[in-house]
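Number of protein chains: 2
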Amino acid sequence: MPTEKGGGASALELIRRWGADAVRDCDGTALPSELLELGLDVYSTICLVRADEEWTRAHPEYWPMKYLSTTPAPAFGETLEIPLLERLHPLKYEIREDLATPSLWQVMDRTGELPVPHGKWVYDPAKKAVRVLGACPGHLYSVSFLATVAWDTTSMYNHLTNGWTRERVRSVDPYYPEVWNYLFEYFDNWLADHPQTTIVRLTSLAYHFNVDFDHDCRDVFRDWTGYQECVSLKALDDFEAQFGYRLTPEDFVDAGRNNATGGVPSARWRDWMSFVQRFVLRFGRELCQRVHRAGKRAAVFHGDHWVGLEPFTDNPTKMGIDLHIGAAEDGVALRRVSDTPGTMAKELRLYPYFFPDVFREGGDPLTESRGDWLKIRRALLRRPIDRIGWGGYPSLALKFPAFCDWVATLCDQFREILDTSGGTPALDIPVRVGVLNAWGTPRAWINSFGRDQKFFEKRTDVVEVAGSNLLECLAGLPVSVRFIAMEEIRDGVPSDIDVLINDGDAFTAWSGGDLWGDERIASAVRSFVAKGGGFIGCRGPTADPTSDRFFRLADVLGVDYEDGRGIQNVPVSFSIDRTHSLAASANSANFGIVESFVFPRTSATTVLASAGKHILCSANVYGEGRSVYFASLPYSCSNSRLLLQSLVWAAGRESERIPWMADNPAIDVAFFPTTGRMIAVNSSNDTQSGTITLPDGTERNVSLPPGGQEMA
Amino acid sequence: MPTEKGGGASALELIRRWGADAVRDCDGTALPSELLELGLDVYSTICLVRADEEWTRAHPEYWPMKYLSTTPAPAFGETLEIPLLERLHPLKYEIREDLATPSLWQVMDRTGELPVPHGKWVYDPAKKAVRVLGACPGHLYSVSFLATVAWDTTSMYNHLTNGWTRERVRSVDPYYPEVWNYLFEYFDNWLADHPQTTIVRLTSLAYHFNVDFDHDCRDVFRDWTGYQECVSLKALDDFEAQFGYRLTPEDFVDAGRNNATGGVPSARWRDWMSFVQRFVLRFGRELCQRVHRAGKRAAVFHGDHWVGLEPFTDNPTKMGIDLHIGAAEDGVALRRVSDTPGTMAKELRLYPYFFPDVFREGGDPLTESRGDWLKIRRALLRRPIDRIGWGGYPSLALKFPAFCDWVATLCDQFREILDTSGGTPALDIPVRVGVLNAWGTPRAWINSFGRDQKFFEKRTDVVEVAGSNLLECLAGLPVSVRFIAMEEIRDGVPSDIDVLINDGDAFTAWSGGDLWGDERIASAVRSFVAKGGGFIGCRGPTADPTSDRFFRLADVLGVDYEDGRGIQNVPVSFSIDRTHSLAASANSANFGIVESFVFPRTSATTVLASAGKHILCSANVYGEGRSVYFASLPYSCSNSRLLLQSLVWAAGRESERIPWMADNPAIDVAFFPTTGRMIAVNSSNDTQSGTITLPDGTERNVSLPPGGQEMA
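Note that the protein sequences, when read in sequence, are chains A and B. Remember, this note's numbering sits 11 above the position in the first sequence when you count from 1. Remember, this note's numbering sits 11 above the position in the second sequence when you count from 1.
Any given hint could turn out to be false.
In this list, chains with the same sequence are indistinguishable; a pair is considered to hold if it fits within one copy or across any two.
Claimed, not checked - For lysine to any residue, the following SDA-like pairs were computed, each having C-alpha atoms within a straight-line distance of at most 20 Å:
(1) 624 with 603
(2) 624 with 227
(3) 624 with 605
(4) 542 with 89
(5) 138 with 89
(6) 138 with 243
(7) 624 with 229
(8) 624 with 467
(9) 329 with 200
(10) 624 with 253
(11) 329 with 227
(12) 624 with 98
(13) 139 with 56
(14) 16 with 285
(15) 16 with 89
(16) 307 with 196
Hint data in this document are derived by calculation from the structure and do not stem from the laboratory.
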């Protein structure tokens, strides 16, 4: 239960109605004394790198830095002036003019991707612009420069979203030994000043994730898992000493793409990430040790300054984290918490925040919360978490009585599931899934956002991209899932995988991009499938154009994408197969796309759904194995069922009976071997009934109200 | 007027009703004697390379050859059997088993694009398959082999479309001296046997264009201007002697894309084309000389065996061709004939043929003919041709009286236009347009078909791709148009061009593909525009991905396309500009596309139309010049007007008054300086009225019935 200054009564009421077992002081608010007396666990929030605003303001030399770059501009004559912050918000970034040296900044001729020689450009502080001298007319130039992050992203977001007007918050970079020493002195005092605190909620560690804002405070670039804002001169020097080479400005700005997580990571960027991770591990371990020494437990929130935490590595265990806390709006987000390794407890922070953006006149927090919960609960049945919580101002929530009633129901449902499952995973069917992409485990359950996200317009009548993709379907299915990096299969697909999934737009980390150019990886998948494995491709699977194909594994998939080079090759004609075991489900699916530009590679391909000649869903037999292609797979109950059936078919198990399964795709069923109990939930907003098949072949009928659940 | 055996009466009736001045004997039918007596010009059709079927059947060694290739197939073990004609029609192609040698055939490892060494594959005649030995499991293999074209494409098409059952026709390759000698002996006899013939209609010269058929007689690959079926061992040897290198099988099969005209041509393929052209010039000159010696005129039909004719070069003039005949279904096809160089007469063969595919119970030749004519006439007003004609069986046409009445109207309209224009071009406004692509003039007015064509389903409720693109809009505009090859602008855009158009899907010859990688070409366009030139991009203009852009000239266009690599770079937000001089027209246009995935590169870009965040039309100022982008521009009267206004705006002339222009885009107006007369036509199927502005500023009102025209 979050609390607020002077709002003890509101929190108290909600604690009783919802059955809360812990309270926390919001970042920036203190805990009312009447709540302390309840004897509940007390979470106190601290983000050490932005805790002492006064000290931070006095030390701009320690503010975090990053490399920024300008949009390439054409030279019409021999000189060209490039303003550095033309698009970026001038209050967020301060140009490090003292570092405008040829070794730290770079001016690039983007036409040939070559750096402009030293002496051929100068920085003009009066205009905050770089002047290129002796430019080649008709060429494009951009500047990569160092800037200080002068406004913490979360603080800026809150100013914009919640109308905050107080002094903007800044962070410091603990990589400087002076900062490190000061912060831990401050932290020890802070711990001493919080005697009632039982759990220190770190939000989070050293470096903030990346959101760049333009002059109108709109996003320019977003990377929730990006290592862009971790730059200091000392770090650059130490990196060089450790890795034997120096990172260039271009290594950071990456032709303006900033090494986004959605892009295929370069070897040099992976080095930088592991360099930062090592430091964050040291910093996090120091934080936890001091928390433990003070007799408290350490929780870490997956957000804000969480870069380098890497919950899917063993770093959090090494740090000594006692509790993972992740915000969750859907099943993918649940799995992002529940599937992390380690023995620490796991907690979800549910949406919406009790903030005025939603809790306002005309706002509808109830619908948002219900929609989120239906997706989260599906996934929760598969893999458990321990706790749930909310954030914001309880007094705002109390103005929405129906919402407060609903949350009481939600809490009851959560406790019922905890009780039925014993906090253990549900039984999986014997289909083991590997999600193959450029990252593998470290980016498990990160949404494979694609081009649609870039062109997405926030409109209430349009399904959000988050929570609406193949991963969301997968999050609630009774199969084991792990994420595999492409480099891991260079010598063969692991033997504990039955079906590989490659789901992502072309030229992204999610489909794998040019990593498919490593023929060992492509051949490994071919051998795996030819010997009986399954392969499911969605959107731009294995896309990496060769001279005769767009999908590198077009032969495995049985389909290829027309990028323009083969327009005069006429595809084989096809009719929709109505007899295939996936035909009925594919026929009733909505793939959310019309023009896929995907065609059958040969007449052996089975087309299951199409829009005209554009294939939307197909299946292929390849040696002893099988593959399925989806042009896209937005989340819905029936699409989830199609994905499950596709996994089963690709694994060659379609003739086996699947127990603990309802014939109605809107009803999700889980059986927990440790407790011997089962639970059925209605994942839709309508009344649903169906028949569940038990392992002995007997059946059980259920009828569930909208969103309802039933235990047995 | 076409004729048919025993159908003299039908032809006679139509000759009178339509006012025909010439008759022709259809290919394969003789001319009825009652028609000879009319004293009209007599066209006799001959395709010399397929004229003597008996001799051809006796000489399979002289049938034309081509390289074919198989779909790459995966090896699961160390041997792999690849059937050669798995998809291709076995009656059309006969494998040249006698040429299954390592120097003439090639087996490729498509995984690494390397030839399989000699001795590692064998051809098995019993299975008509190649066996790869010592294959690498997980790799893909294809076979490139020589085959004889055992069934002439036109003959096969007629068998399929018109239900012909007689012996299938074959051609011979006149490149063999024995064939050359035999054919010209035959031709001299034929000329002597046709004393009444005044015009020899060649259909056409030596080599047929390319259509491959599958087992079900469906197209596999089409290339109306392709040089695939011109292969003989002698030609390969002679090529090597002339060019100093030998072409490989891969040079022909081109990774299965067969050097399609829509692809960016390689230097080696251009060499092959010029080699064939030289021979066809020699062959065509010999034909024309003998025609002239016999006291007749030589006409050549742009179709069938027309490869190597190249009407947009001076080869037809060098051959001595007296009359160009081209089939035409739209304005682009009209310009394909009218714009050819040389002083020969020009004739259109209009659709539909009087064949049973359209002239059947329930067929609607009237609608097809009317629709074609409305488009053709728009273009005809700009650039004249001399004659029009039809093909097929007059007796079939007579069964459709409304059609026959309509054609009489059409013929009257044509004669009126001839009379009003004096057979001269209409006045252009002072905007000179260059259409920039990989080919330039030799492929002038060839439709820049793209991906839509590949996925096009023939349905009556869908606009055909042909006649529905930017070129069709351009074909009827009062601007001078020439086609420019990208290599021609390496040192600068010609000074007689005001606006360049680059219209085509990405990775095609029409947008230019990787030719944009030549920075001199990109810089030439930048300089041209920066100094005041105009640039119009449509579909995938200048597409050739670099590290930071998809459109090589994204800076000129002001927009870029998201291919997946920049999904986390958030585009600048925009609103539709309602004040721009193109705003009204862009707002009422239908771009025929929804998801363009094109975004504004900076906030300086003017967005004129969008679907959500997907840009459909935009404008940009670049230095002293201007550019306009269209996501697509299907033909319509209003889209044509938008294109005209865009050309005028891009040329910086939007403030000038355009004379001889109606305020209603459905009314096209032409003024002919040589006659001092004008004509206004209604290019729509509705009644239209409008006001025409004359050069002195006065106005003239017109009101025209559907498809009507009015002279002054």
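Right, here's what the structure says about each hint:
Within a single copy, residue 624 and residue 603 get their C-alpha atoms as close as 16 Å, and across copies as close as 17 Å, so both meet the 20 Å cut-off. When the C-alpha separation of residue 624 and residue 227 is checked against a cutoff of 20 Å, the pair qualifies only between copies, where the shortest distance is 18 Å, while the shortest distance within a copy is 43 Å. In this assembly of identical chains, the alpha carbons of residue 624 and residue 605 lie at most 20 Å apart whether taken from the same copy (10 Å) or from different copies (18 Å). When the C-alpha separation of residue 542 and residue 89 is checked against a cutoff of 20 Å, the pair qualifies only between copies, where the shortest distance is 14 Å, while the shortest distance within a copy is 62 Å.
For the identical chains of this complex, residue 138 and residue 89 are intra-copy neighbours only, at 19 Å inside a copy versus 68 Å across copies, given an alpha-carbon limit of 20 Å. In this homomeric assembly, residue 138 and residue 243 never come within 20 Å of each other (Cα to Cα): the closest approach is 25 Å inside a single copy and 69 Å across copies. Within a single copy, residue 624 and residue 229 get their C-alpha atoms only as close as 39 Å, which misses the 20 Å cut-off; across copies the closest is 15 Å, which meets it. Taking the closest pair of Cα atoms, residue 624 and residue 467 come within 20 Å of each other only across two copies (7 Å); inside a single copy the shortest separation is 26 Å, beyond that limit.
Taking the shortest Cα distances, residue 329 and residue 200 never come within 20 Å of each other, neither inside one copy (24 Å) nor across copies (97 Å). Taking the closest pair of Cα atoms, residue 624 and residue 253 never come within 20 Å of each other, the shortest separation being 55 Å inside a single copy and 45 Å across copies. Taking CA atoms no more than 20 Å apart as the test, residue 329 paired with residue 227 passes in neither setting, with 42 Å inside one copy and 66 Å between copies. In the homo-oligomer, the alpha carbons of residue 624 and residue 98 lie at most 20 Å apart only across protomers (19 Å), although the nearest pairing inside one protomer, at 42 Å, exceeds that limit.
Proximity of residue 139 and residue 56 under a CA criterion of 20 Å is satisfied in neither setting, with 38 Å inside one chain copy and 76 Å between copies. Taking the closest pair of Cα atoms, residue 16 and residue 285 never come within 20 Å of each other, the shortest separation being 40 Å inside a single copy and 85 Å across copies. For a Cα distance limit of 20 Å, the shortest separation of residue 16 from residue 89 qualifies neither inside one copy, at 61 Å, nor across copies, at 75 Å. In the homo-oligomer, the alpha carbons of residue 307 and residue 196 lie at most 20 Å apart inside one protomer (17 Å), although the nearest pairing across protomers, at 106 Å, exceeds that limit.
Violated hints for the displayed structure, listed by number in ascending order: 6, 9, 10, 11, 13, 14 and 15.
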